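Below are the chains, spelled out letter by letter.
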Amino acid sequence: MVDLSVELSGLKLDNPIIPASGTFGFGHEFAKFYDINMLGSISLKGTTQEERFGNPTPRIAECTAGLINSVGLQNPGIDNVIKYQIPELEKYYNKKVIANISGFSLDEYKYCCEKIDKCDKVGIIEVNISCPNVHNGGMAFGTDAKNAAEVTKEIKKVTTKPIYIKLTPNVTNIVEIAKACEDAGADGISMINTLLGMRINPKTKKPIIANKMGGFSGPAIFPVALRMIYQVYEAVNIPIIGMGGVASAKDVIEMMLAGASAVQVGASNLKNPYACKEIIEDLPVQMEKYNIKSLKEIIGGAH
Amino acid sequence: MYKRDCYEVKSNKNIANLVYEMVLEGPTTYITAPGQFINIEIDGFYLRRPISICEYDENTIKIIYKVVGEGTEVLAKLESGAKLDVLTGLGNGFKTIKCGEKPLLIGGGVGTPPMYQLCKNLINEGKEVTVVLGFNSKNDVFYEEEFKKLGAKVYITTADGSYGTKGFVTDVIKDLNDYTYFYACGPEPMLKAVYDNTNTTGELSFEERMGCGFGACMGCSCKTKYGNKRICVDGPVLKKEEIIW
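Going down the list, the protein sequences come from chains A and B. With positions in the first sequence counted from 1, the corresponding number in the numbering used here is that position plus 46. With positions in the second sequence counted from 1, the corresponding number in the numbering used here is that position plus 1.
It should be emphasised that the hints constitute simulated quantities derived from the structure, not laboratory data. The structure displayed is predicted, hence computed values, not measured ones. Don't be surprised by glycine CBs; every beta carbon is placed ideally from N, CA and C. Just to be clear, a hint being listed does not mean it is correct.
[Claimed, not checked] Each pair of labels, with its calculated beta carbon distance range:
# : chain 1 : residue 1 : chain 2 : residue 2 : range
1 : A       : Asn247    : B       : Tyr227    : 27 to 33 Å
2 : A       : Asp49     : B       : Gly82     : 40 to 46 Å
3 : A       : Ala111    : B       : Gly82     : 49 to 55 Å
[To be verified] Residues on chain A that point at chain B, a partial pick, calculated with CB under 8 Å:
# : residue
4 : Lys78
5 : Pro104
6 : Asn115
7 : Pro319
[What the hints assert, rightly or not] Taking lysine-lysine pairs in the DSS-like style, the calculated list, with each CA pair at most 25 Å apart, reads:
#  : chain 1 : residue 1 : chain 2 : residue 2
8  : A       : Lys249    : B       : Lys78
9  : B       : Lys67     : B       : Lys193
10 : A       : Lys78     : B       : Lys4
Sequences are here, hints too, so could you generate the full structure?
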């Protein structure tokens, strides 16, 4: 028997597979495909203080081995999430979840984290300072080490739950930002968010996405994510939730060898709603193949 | 509930200019209403292609699609025996319960296919169905005879006047007065014109670029009078009274 269990800041996961925020809604849709209780945890849709419609459509553009999205943080707002979305998810999912919080100001981040702090279902708060699809917020906090540290420090004041800062790859030096977050008290790092990209329709001669640019994700970005996780693992002593183009159990093993303590699966869920299920089922097979007894033991093994 | 299954292509034929009719064999138990769609994985492409269901029975699904890009180009080349990974049970579909005795069905181009199963169901329910189909030109016209065979009264319009009434579906609709409800599917400018030129309530089926097709990614959202909706799960069919143009 192989051991798939991992741990994130005291939170024990049966396996390291977590659907990534924004690709799994609040879990309800996937419960119509399979029993989602098998998932290690779930990272919920990015949530802001107020309800948001998000960006105009088209919001999606296909790419080779991936897609660009420019949803723009559409969500029903923190109160709705706590009152309706999480209780609804409790009907299909009996483990702790990861709440994903976004904001346009320090106060908004604090407000949302303070509220979600009281929610028992939430085991970890993932703080998104890296959304490429909203102006005057999101990524603006994640591209500057000083800002990233300040958000981290302020959020730590309003919650006792573990805080994982979700970082953007759209920076010159991600290591510096990860370290700043660690120094400011972050319990972990989530990385990477999407890469800023675009597509142009040769028929109309205009960008496909209404907002022109969007976040590129999918298997094409896996090597970039892996490289950044490898670099950040060398620099920090807090756990990393790795993500970026993960599409197979082998990718999960690679990402954990680079330094991830758990792995989120994003774009793959949209292409194949059973992606997480299939990866979890294939993990023991791949572990046997690569002579791995326990996933915990391979974290950072490539260093 | 949603379901993914493997389907076998039974036939795939060109029925009009760039328009193909494909019959797939596989489970259909998760399809619950006309106007729903399936989401097809195509070799070499990252995202699935959402295509409306034209007709279905216990073990086959018929779709009609137009070659509009590289994905549908590959689809058009598939031969009988090819296997496809398909999600079914997607979308809300049309409701036939409140349509009265004389429903009007309006299809524009490849917005026509979902009207076929709907027409079949309505005629089985004993309704007197009128169908108005709009195309660009004579070469684009398809399914006129098929709708007639079901027992519907059929009008065809072409934008260039090469077949049927010259003009748009609204040029026919404006002279029709005794329908009790309408159903429409087609390009958005047509839907808007239908909305403005119909004197009953009805249901309109929309199209949008989708990521997943089952409600997870929020890629295809729209605003309605009843709040934000996702075209893929809360639609593609919206009620006339909830639409904001």
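Status of the hints after comparison with the structure:
As the Cβ distance of asparagine 247 (chain A) to tyrosine 227 (chain B) is approximately 32 Å, the hint placing it in 27 to 33 Å holds. Under the hint 40 to 46 Å, the C-beta atoms of aspartate 49 (chain A) and glycine 82 (chain B), about 44 Å apart, fit the expected range. Under the hint 49 to 55 Å, the C-beta atoms of alanine 111 (chain A) and glycine 82 (chain B), about 28 Å apart, miss the expected range. The criterion of a C-beta within 8 Å of any C-beta in chain B is met by lysine 78 (chain A), whose closest approach is roughly 5 Å, and the hint holds.
Given hint, proline 104 (chain A) at the interface with chain B, holds; its Cβ is 4 Å from that chain's nearest Cβ, closer than 8 Å. Interface restraint check for asparagine 115 (chain A): the shortest CB-CB distance to chain B comes to about 6 Å, inside 8 Å, so the restraint holds. Given the 8 Å rule on beta carbons, the hint for proline 319 (chain A) holds: about 6 Å separates it from the nearest Cβ of chain B. Of the supplied pair hints, the one linking lysine 249 (chain A) and lysine 78 (chain B) holds, its CA atoms being roughly 22 Å apart against a limit of 25 Å.
For the proposed pair lysine 67 (chain B) and lysine 193 (chain B), the alpha carbon gap of about 22 Å is at most 25 Å, so the pair holds. Our distance criterion of 25 Å between C-alpha atoms is met by lysine 78 (chain A) and lysine 4 (chain B), whose separation comes to about 8 Å.
This entry does not satisfy hint 3, going by the numbered hints stated previously; all others are met.
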